[in-house]
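2 protein chains.
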Amino acid sequence: MHLRKNDIDNLDRITRLKIINSVTGIKPANLVGTVDNEGRTNLAIFSSVIHLGSNPAIIGFVSRPETDDVGHTYTNIMETGYYTINHIHPEFIKNAHYTSGKFAKEVSEFERCGLTEEYIHDFKAPFVKESSFKMGLRFREKIDIKINNTVLVIGEIEELLLPEIFSIDDDIDLQLTNAVGISGLNSYYSLNKIERLPYVRLNEVPEF
Amino acid sequence: MHLRKNDIDNLDRITRLKIINSVTGIKPANLVGTVDNEGRTNLAIFSSVIHLGSNPAIIGFVSRPETDDVGHTYTNIMETGYYTINHIHPEFIKNAHYTSGKFAKEVSEFERCGLTEEYIHDFKAPFVKESSFKMGLRFREKIDIKINNTVLVIGEIEELLLPEIFSIDDDIDLQLTNAVGISGLNSYYSLNKIERLPYVRLNEVPEF
Numbered sequence: 002m003h004l005r006k007n008d009i010d011n012l013d014r015i016t017r018l019k020i021i022n023s024v025t026g027i028k029p030a031n032l033v034g035t036v037d038n039e040g041r042t043n044l045a046i047f048s049s050v051i052h053l054g055s056n057p058a059i060i061g062f063v064s065r066p067e068t069d070d071v072g073h074t075y076t077n078i079m080e081t082g083y084y085t086i087n088h089i090h091p092e093f094i095k096n097a098h099y100t101s102g103k104f105a106k107e108v109s110e111f112e113r114c115g116l117t118e119e120y121i122h123d124f125k126a127p128f129v130k131e132s133s134f135k136m137g138l139r140f141r142e143k144i145d146i147k148i149n150n151t152v153l154v155i156g157e158i159e160e161l162l163l164p165e166i167f168s169i170d171d172d173i174d175l176q177l178t179n180a181v182g183i184s185g186l187n188s189y190y191s192l193n194k195i196e197r198l199p200y201v202r203l204n205e206v207p208e209f
Numbered sequence: 002m003h004l005r006k007n008d009i010d011n012l013d014r015i016t017r018l019k020i021i022n023s024v025t026g027i028k029p030a031n032l033v034g035t036v037d038n039e040g041r042t043n044l045a046i047f048s049s050v051i052h053l054g055s056n057p058a059i060i061g062f063v064s065r066p067e068t069d070d071v072g073h074t075y076t077n078i079m080e081t082g083y084y085t086i087n088h089i090h091p092e093f094i095k096n097a098h099y100t101s102g103k104f105a106k107e108v109s110e111f112e113r114c115g116l117t118e119e120y121i122h123d124f125k126a127p128f129v130k131e132s133s134f135k136m137g138l139r140f141r142e143k144i145d146i147k148i149n150n151t152v153l154v155i156g157e158i159e160e161l162l163l164p165e166i167f168s169i170d171d172d173i174d175l176q177l178t179n180a181v182g183i184s185g186l187n188s189y190y191s192l193n194k195i196e197r198l199p200y201v202r203l204n205e206v207p208e209f
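Protein chains in written order, with our numbering: chain Z, 2 to 209; chain D, 2 to 209.
Just so you know, these hints were derived from the structure itself, not from any lab.
Careful, some of the hints might be misleading.
[Stated by the list, open to error] Lysine-lysine pairs mimicking DSSO-like chemistry, simulated, CA-CA at most 30 Å apart:
| # | chain 1 | residue 1 | chain 2 | residue 2 |
| --- | --- | --- | --- | --- |
| 1 | D | LYS125 | Z | LYS103 |
| 2 | D | LYS194 | D | LYS143 |
| 3 | D | LYS6 | Z | LYS125 |
| 4 | Z | LYS6 | D | LYS130 |
| 5 | D | LYS125 | Z | LYS147 |
Chain Z with its partners taken away, still in its complex shape (with noise of 0.2 Å):
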């Protein structure tokens, strides 16, 4: 099949949302968790968390802050500078999914969805007790997107909860940690690892 850009703009909104959401490849998932100044918490589901940069430790998400009735996490991150990214495992995805919800502000996603918020430390905002992998991030700069009125928000890892199941001589292994992938809006995914190859040097390149 092939769409040119008139074909794609021609497609009924609903078709095109889940087309191009699915046209990058797999995304990871993930729930942000916040709390706004009033000690309200708010969880919400992205899978547009990215890796910026290792040295500092840089994560960016893409966010839509520009209407009345979400965007809660964005306010919350705003008025605190501070929240939590947790993976959603297979036995919470349902969870995690319905945190997509447009709750009122009052309401908390933890509550209503089923997961436990948990504070570590002396850290502002809430983790996902059920997430083995999460990490705790200050905020530090967003960056609109003019182009569709988006916001990438960039934050640093200050606290970093992983399993103990990594190599230190490897990748960390997704499979293992039972990370989930999305694809779309809806569907949801699991991992086989099925090859590992080395750090390319020119010199070591097999003829193909």
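Using the hints, position chain D against chain Z.
Same frame as chain Z, now just chain D:
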């Protein structure tokens, strides 16, 4: 295991790279194809491709353009305004991985890594023939991420080629399209679709 900011800062560079490159979760495996104004093609693996919006169909990826010996993807896009993004499939993970070598500009990774240039209609940049899910993009905007000297390169989809196997009523099934995920720098994953949930309406949220 719990690493705090000081622990992360004090890791050796390679260990920190491996860990922090995995903490966002699974990343999509894509090849970006470009050509310069002299007709020299380039192909490079990226794990930072991200969906930014569906209308218009806007995709971003993160690039590190500020070194001499890498960044041909970025400079070619600045030169010509066009590029392709091609899904990696299990049969050519190894070929795709080795495009990360720091080849000279005169070397085309298509040829050196055993992948085939494909030109579709009059689209300026080369596609990867071996990929069954790919798109041609027109450069729209670059956004400097000053915090670590990277750039978010933003483009709009002008051509979209994808397998016939997806259902218009559902997200595209990335298990059926043989999409691949990456953790860290060197580890590759296949995908198993395990759950599909509905769009969330507040009055349909189950009790948890």
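We went through each hint and held it up to the structure:
no. : hint                  : result
1   : D:LYS125 <-> Z:LYS103 : violated, 43 Å
2   : D:LYS194 <-> D:LYS143 : violated, 34 Å
3   : D:LYS6 <-> Z:LYS125   : holds, 15 Å
4   : Z:LYS6 <-> D:LYS130   : holds, 21 Å
5   : D:LYS125 <-> Z:LYS147 : holds, 26 Å
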